[in-house]
Every structure is written in C-alpha cells, then in structure tokens.
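**Student:** Spelled out, the chains give:
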Amino acid sequence: DVKVTQSSRYLVKRTGEKVFLECVQDMDHENMFWYRQDPGLGLRLIYFSYDVKMKEKGDIPEGYSVSREKKERFSLILESASTNQTSMYLCASRWGQVNQPQHFGDGTRLSIL
Amino acid sequence: LAKTTQPISMDSYEGQEVNITCSHNNIATNDYITWYQQFPSQGPRFIIQGYKTKVTNEVASLFIPADRKSSTLSLPRVSLSDTAVYYCLVERRTGANNLFFGTGTRLTVIP
Chain X
1 DVKVTQSSRY
11 LVKRTGEKVF
21 LECVQDMDHE
31 NMFWYRQDPG
41 LGLRLIYFSY
51 DVKMKEKGDI
61 PEGYSVSREK
71 KERFSLILES
81 ASTNQTSMYL
91 CASRWGQVNQ
101 PQHFGDGTRL
111 SIL
Chain H
1 LAKTTQPISM
11 DSYEGQEVNI
21 TCSHNNIATN
31 DYITWYQQFP
41 SQGPRFIIQG
51 YKTKVTNEVA
61 SLFIPADRKS
71 STLSLPRVSL
81 SDTAVYYCLV
91 ERRTGANNLF
101 FGTGTRLTVI
111 P
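Chains X and H, in that order, give the protein sequences. First residue of the first sequence? That's 1 in the numbering used here, and the numbers climb one at a time after it. First residue of the second sequence? That's 1 in the numbering used here, and the numbers climb one at a time after it.
No lab work stands behind these hints, which were simulated from the structure alone. The hints are all genuine.
Partial list, computed: chain H residues near chain X (C-beta under 7 angstroms): (1) Gln42; (2) Phe46; (3) Glu91; (4) Phe101; (5) Thr103.
From the three backbone atoms N, C-alpha and C, an ideal C-beta is built for every residue, glycine too.
Excised from the complex, chain X in its bound form (with noise of 0.2 angstroms):
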C-alpha cells in the first residue's frame, strides 16, 4: 500500500512566522501535490512537482512556495504566515498522469494565531 505521511497532525502557529509543511511518500511516485481544504469550498490545490526540483503553481499560489530537493519529499513553505492561512492542508502523490488515482495523506490542520 502507498503511504504518504505528513509530519504534523496538528500544528499552531504566529503570524510571520515561517512555516514549513512536510509531506513523504514512499512508492517513487514522480508527482506530488499539495492542497488546502476549507469548508464549503472542497481541495484547491497550491502547487504541483511532477519531478525533483521541478513545481508548477495551483489555483491558489499565493502566500506558499515548495520545495522538492528529494523524490520522495515534497515540502510546503509559508514564508510569512497569517491568519487567513488556517486551514487543512492535505499532500497526495501520484505514479504516472491522470488516469492514476492520487494518495492522500491524512492532513495537517494549521492554526495561524
């Protein structure tokens, strides 16, 4: 089974500061993605890697960086956060394009003080 693990279940934080977010999975998946999940709104997604190094920007890309220096790692960055970045933030990978299903890891909720 593909697992993908996010390093914090739950995580508190300040406004400004600089938090980081990490997701690993372990089945050589070429594509990870990261979302955020808000009620009444479902996943928009942040950023895409399709490969080490390489990131494409979701519909919501502001406020985040990432950052992929290992396959198997795919970190979150918000550079400066704020309150309005509370929220569920929910990593998946992928073997392949589209017509492969994404495995989600089971969340990280953040809480921006």
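Place chain H on chain X using the hints.
**Tutor:** Showing chain H alone in chain X's frame:
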C-alpha cells in the same frame, strides 16, 4: 477547465442504492472524471475513475452520459460505514495542474 458542481448533502437509509451526481458542463475532450471518498480526520481515498460510458468496480459504479457534462457515482446497498464526503474531480490528461475538485457531497446513511 470544467468547474464541478455537486449537491452539498444527501441522506439515505441503510441498504438503499445511492446516486450522487456531479455537473461539469465545460468538460473538455481530454478531461478524466474521478471520485474520492473522505472520512473525518483522513485524506480522500480513490473510489473510481472514468472517461465515458460506465465503469464498475467492487465498491461503486460510475455513469457518464455521451455528452460527458455530468457523471453519477452509484453506491449499491449503502451501510453506515459509507457515511462520508464524496468528491468529484475533473482533471485534464495533458498539462500538469489542470484539475478541479468539487466542493463535496456529505452522505449520511441512516440506520
């Protein structure tokens, strides 16, 4: 990319068949349709995927009409453990990030 629209919630009794429809009026030729299930405190989990007509697996069926402007997830004989949020995803085969999740349908199965 096709925006998706789903009902916010549905209720069903145990043992009934449940059909959840997703509208994607602007779907393109290269777009695939995928459904995910999400339980509280967990990430979404893949249920089924299709491109056209009908697809069936061990847990669900997916019906896609010829114009592909909608899709219907069918869950046969639901049980209490099927209570979850169900998401429709439309995703383009070409292009790295051309995907759009719906806002999800909360299904409650009643004893």
